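Enquirer: Now for the letters of each chain:
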Amino acid sequence: MNAAVESRKLRVATTSLAGCFGCHMSFLDIDERLFELLEHVEFDRSPLTDIKHCGPCDIGLIEGGICNAENVHVLREFRHNCKVLIALGACSVNGGLPAQRNHLDLGQCLQEVYLTGPGIVGRQIPNDPELPLPLDKVHPIHEIVRVDYFIPGCPPSGEAIWKFLSDLLAGRTPRLGHPLLHFD
Amino acid sequence: MSQDYAEAGQLDSRLPPIFERYRYEARYLVQILREVQDALGHLPAAALSAVARALCLPRARVEGVAGFYSFFHLTPVGRYRVLFSDNITDRMLGSGELIDRLCNKLWVERGKVSEDRLVSVDTTSCTGMCDQGPALLVNGRPLTRMSAERIDRISELIRKQAPLSDWPREYFLIEDNIRRYDELLGRQWPNGEALKAAVARGREAMLAEMKLSNLRGRGGAGFTTHIKWESARRAPCAGEAPARYVVCNADEGEPGTFKDRVLLSSYADLLFDGISIAGFTIGATLGLVYLRGEYAYLLPALNENLARRRRDGLLGTRVLGEDDFNFDIEIHLGVGAYVCGEETALLESLEGKRGVPRIRPPFPATEGYLGQPTVVNNVETLCKAALIAVNGGAWFAGLGTKQSTGTKLLSISGDVETPGIYEYPFGVSVAQVLNDCGAGNAQAVQVSGPSGTCLAMHEFSRRIAFEDVPTAGAFMVFGEHRDMFEVARNFAHFFAHESCGFCTPCRVGTSLVANCMDKIASGQGSQHDINEIFKIHRLLHAASHCGLGQSACNPLFDTLNKFRPAYERRLRSLAFKPAFDLDQALASARQMTGRDDPAAHFGLAAGLPGVEA
Numbered sequence: 000m001n002a003a004v005e006s007r008k009l010r011v012a013t014t015s016l017a018g019c020f021g022c023h024m025s026f027l028d029i030d031e032r033l034f035e036l037l038e039h040v041e042f043d044r045s046p047l048t049d050i051k052h053c054g055p056c057d058i059g060l061i062e063g064g065i066c067n068a069e070n071v072h073v074l075r076e077f078r079h080n081c082k083v084l085i086a087l088g089a090c091s092v093n094g095g096l097p098a099q100r101n102h103l104d105l106g107q108c109l110q111e112v113y114l115t116g117p118g119i120v121g122r123q124i125p126n127d128p129e130l131p132l133p134l135d136k137v138h139p140i141h142e143i144v145r146v147d148y149f150i151p152g153c154p155p156s157g158e159a160i161w162k163f164l165s166d167l168l169a170g171r172t173p174r175l176g177h178p179l180l181h182f183d
Numbered sequence: 000m001s002q003d004y005a006e007a008g009q010l011d012s013r014l015p016p017i018f019e020r021y022r023y024e025a026r027y028l029v030q031i032l033r034e035v036q037d038a039l040g041h042l043p044a045a046a047l048s049a050v051a052r053a054l055c056l057p058r059a060r061v062e063g064v065a066g067f068y069s070f071f072h073l074t075p076v077g078r079y080r081v082l083f084s085d086n087i088t089d090r091m092l093g094s095g096e097l098i099d100r101l102c103n104k105l106w107v108e109r110g111k112v113s114e115d116r117l118v119s120v121d122t123t124s125c126t127g128m129c130d131q132g133p134a135l136l137v138n139g140r141p142l143t144r145m146s147a148e149r150i151d152r153i154s155e156l157i158r159k160q161a162p163l164s165d166w167p168r169e170y171f172l173i174e175d176n177i178r179r180y181d182e183l184l185g186r187q188w189p190n191g192e193a194l195k196a197a198v199a200r201g202r203e204a205m206l207a208e209m210k211l212s213n214l215r216g217r218g219g220a221g222f223t224t225h226i227k228w229e230s231a232r233r234a235p236c237a238g239e240a241p242a243r244y245v246v247c248n249a250d251e252g253e254p255g256t257f258k259d260r261v262l263l264s265s266y267a268d269l270l271f272d273g274i275s276i277a278g279f280t281i282g283a284t285l286g287l288v289y290l291r292g293e294y295a296y297l298l299p300a301l302n303e304n305l306a307r308r309r310r311d312g313l314l315g316t317r318v319l320g321e322d323d324f325n326f327d328i329e330i331h332l333g334v335g336a337y338v339c340g341e342e343t344a345l346l347e348s349l350e351g352k353r354g355v356p357r358i359r360p361p362f363p364a365t366e367g368y369l370g371q372p373t374v375v376n377n378v379e380t381l382c383k384a385a386l387i388a389v390n391g392g393a394w395f396a397g398l399g400t401k402q403s404t405g406t407k408l409l410s411i412s413g414d415v416e417t418p419g420i421y422e423y424p425f426g427v428s429v430a431q432v433l434n435d436c437g438a439g440n441a442q443a444v445q446v447s448g449p450s451g452t453c454l455a456m457h458e459f460s461r462r463i464a465f466e467d468v469p470t471a472g473a474f475m476v477f478g479e480h481r482d483m484f485e486v487a488r489n490f491a492h493f494f495a496h497e498s499c500g501f502c503t504p505c506r507v508g509t510s511l512v513a514n515c516m517d518k519i520a521s522g523q524g525s526q527h528d529i530n531e532i533f534k535i536h537r538l539l540h541a542a543s544h545c546g547l548g549q550s551a552c553n554p555l556f557d558t559l560n561k562f563r564p565a566y567e568r569r570l571r572s573l574a575f576k577p578a579f580d581l582d583q584a585l586a587s588a589r590q591m592t593g594r595d596d597p598a599a600h601f602g603l604a605a606g607l608p609g610v611e612a
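Line by line, the protein sequences are chains Z and A. Once you know that position 22 of the first sequence is 21 in numbering that gives the first Met the number 0, the rest is easy, because the numbers rise by one and skip nothing. Once you know that position 354 of the second sequence is 353 in numbering that gives the first Met the number 0, the rest is easy, because the numbers rise by one and skip nothing.
Treat the hints as calculated values from the structure; they're not laboratory data. Just so we're clear, the structure is a prediction, and the values are computed from it rather than from any experiment. Glycine included, each C-beta is placed from N, C-alpha and C at the ideal position. It is possible that part of the hints are untrue.
Stated by the list, open to error - With a cut-off of at most 20 angstroms between alpha-carbon atoms, the simulated SDA-like pairs for lysine to any residue come out as follows:
1. Z:Lys51 to Z:Asn93
2. A:Lys534 to Z:Arg174
3. A:Lys401 to A:Pro424
4. Z:Lys136 to A:Gln590
5. Z:Lys82 to A:Lys401
To be verified - Far from chain A by the CB rule (all over 10 angstroms, computed), these chain Z residues:
6. Leu96
7. Pro151
8. Leu168
9. Pro173
10. Leu175
One chain only, chain Z, in its complex shape (with noise of 0.2 angstroms):
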């Protein structure tokens, strides 16, 4: 049965939801070590695949915060899917930068960008189907759903996502030492 479990890539998805994509240049930055990678998962949805939508997986990193309801439907359907999720970055550990608009409220930001402020033209709140709702706060992904492992820093360096998925992939609970979530 080892055999079975090691033979097998694991699957992996990521996603970028209120977030830069910062975490997912960092991401990039373990170089090379991308193709060694490469010889044990494979990528399901993520923006290296342009996959729309996320299968059975082992593996789910979130970067970002959640800012609207399509942001809640992703989180969904990578929890569902994936056997370990992560929040990958400060933004879905904490809400991040986005979660500055918290103490503001909503409604009047609406109102003051699109109808109010200064040089607006058409002055209409958008409202097309299409586009996904704002939520009244930004969340860290932890407040929907339920989380296995959270990865600090704005964005966790390339060090840092390489030594978490390699512990994963060797079977040992994940651990960044002191070096690796060093930020000053």
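Fit chain A to the known structure of chain Z by using the hints.
Expert: Frame of chain Z, contents of chain A only:
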């Protein structure tokens, strides 16, 4: 501006006498701030600057101390400051409805000062009146046995701005409620009797009696008292002002405990004898009593007692005519901080600092108050030491059990017929105690307060002793009709409020736990949240700086193990649920965009491709 000038003038005239009373010494900072606040009503910024200048302290240090204690106010407070005791026993007696009633009558919002600055109504941690609750403090003075009628009358008195001295005297009546007398409570102890006995024995012999008695500390930790005394006696004094000190820990903050209140009000002679005996034995020159702010009403009587002792030659120079026995006692008042019951936090507070626990070792016995050898003992421990001086160590060791000698005072409250103080020899069974206090249908007992142990019915045969169930004295009984989840939630909020904020595991962890409990209480909880509580419990236990954080999750751990259905019946599902209504979180955007299509809702969007409900 004119008000500022007036204030500045007031400072110049009113503060210097306070500074002089404390000889401009920085170690009295907490006491000085307390008196400045008494004089001015609150601690305005200008007063903090004046204190810093007078004591030659950095302004930040003064502000840091002023901001630490919950009874210091940096902004103006109402002329009547009403604080309801918020222990679970007060809540069980209906304090919640009484708070709402008073707020409604006075047209104030809980926690806010009324616009005319007349009154504020809020809650505070347990005030030590659990046997005669619901209790509250008005401008620091305790009132007991509140009822709807009393609350109505109080709201009238406040609206009429009647001075507290004109309020009905029975509101301020505080009873001892001693229900079971044993060796300590069972007789009158004349002033100085025990001290004379100790001096007659001599220092070495007194220490030998202490050793023979095997007395262990009554404040909770149960450390053997004679070892503390002996270490302090042997430890060298160092520095510019070499001295030894005795500190009496009367910061009885553990919710559900009120035995020290009774000892301080009715057995103060015995306590002061005990402090003097400790001083005599270890060679100290000063005893300090750290009295919790909630018991400030006891201060005049205690100071009068000390003055009488000085007149009688029981304090001062050459006590009882002994050439090398100079000893006096000072009382310091706490200002509302549970953590100061921890002995090193208490020493920090005595030295005029924030009540943050120190790292041990060094232990206070070698480096305590002002870095000098210091014995820190609980009120009850020192009273027991006085008994040992009179009757001898062998007599004491004959009471109780082998490892828990002597008697123990229990503060019994909750669902019992006769709440109050019960003195038992150690080794008494929980069932016996429950029987004596008339707890007909108890389902649980919280022994030794929130940081202690929660016992369920099948454990009532266990015994009160260090060998089995250790206790600092609290004994809160919960009848079958009580919801043990709400009990634990009250304790979780207590710890979150009282965390001193120094170490991250405790500061953040206690709040996370309180949030988890609120989430479960609001019906949004899941199995995941229970797992989180266990996880944080382990983390707090391992990583906290002091006992507060280490024991903060004990009541949750116990109740989760023994009353799990009380939690589970509140859970929304076994899978994770957010703490808030997601669909409601879109309401504002729906309103602004005028949308109501399926994608503008969470529940309705289930049919969309790739979307789950």
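Enquirer: For every hint, state whether the structure bears it out.
Expert: Against the structure, the hints come out as follows:
A threshold of 20 angstroms between alpha carbons decides the hint, and for Z:Lys51 with Z:Asn93 the separation of about 26 angstroms lies outside it, so the pair is violated. Of the supplied pair hints, the one linking A:Lys534 and Z:Arg174 holds, its CA atoms being roughly 17 angstroms apart against a limit of 20 angstroms. For the given pair, A:Lys401 sits about 11 angstroms from A:Pro424 by alpha-carbon distance, which is consistent with the 20 angstroms threshold. For the hint pairing Z:Lys136 with A:Gln590, the CA-to-CA distance comes to about 15 angstroms; that is within 20 angstroms, so the pair holds.
This hinted pair does not check out: Z:Lys82 and A:Lys401 have alpha carbons roughly 55 angstroms apart, beyond 20 angstroms. Once the 10 angstroms rule is applied to beta carbons, Z:Leu96 is consistent with being away from chain A; the minimum gap is 19 angstroms. Every Cβ of chain A is farther than 10 angstroms from the Cβ of Z:Pro151; the closest lies at roughly 14 angstroms, confirming the non-interface assignment. Look at Z:Leu168: its CB is around 25 angstroms from the nearest CB on chain A, clear of 10 angstroms, so calling it non-interface holds up.
Every Cβ of chain A is farther than 10 angstroms from the Cβ of Z:Pro173; the closest lies at roughly 16 angstroms, confirming the non-interface assignment. For Z:Leu175, the non-interface assignment is confirmed: its Cβ lies about 17 angstroms from the closest Cβ of chain A, beyond the 10 angstroms cut-off.
Violated hints, in rising order: 1 and 5; the structure is consistent with all others.
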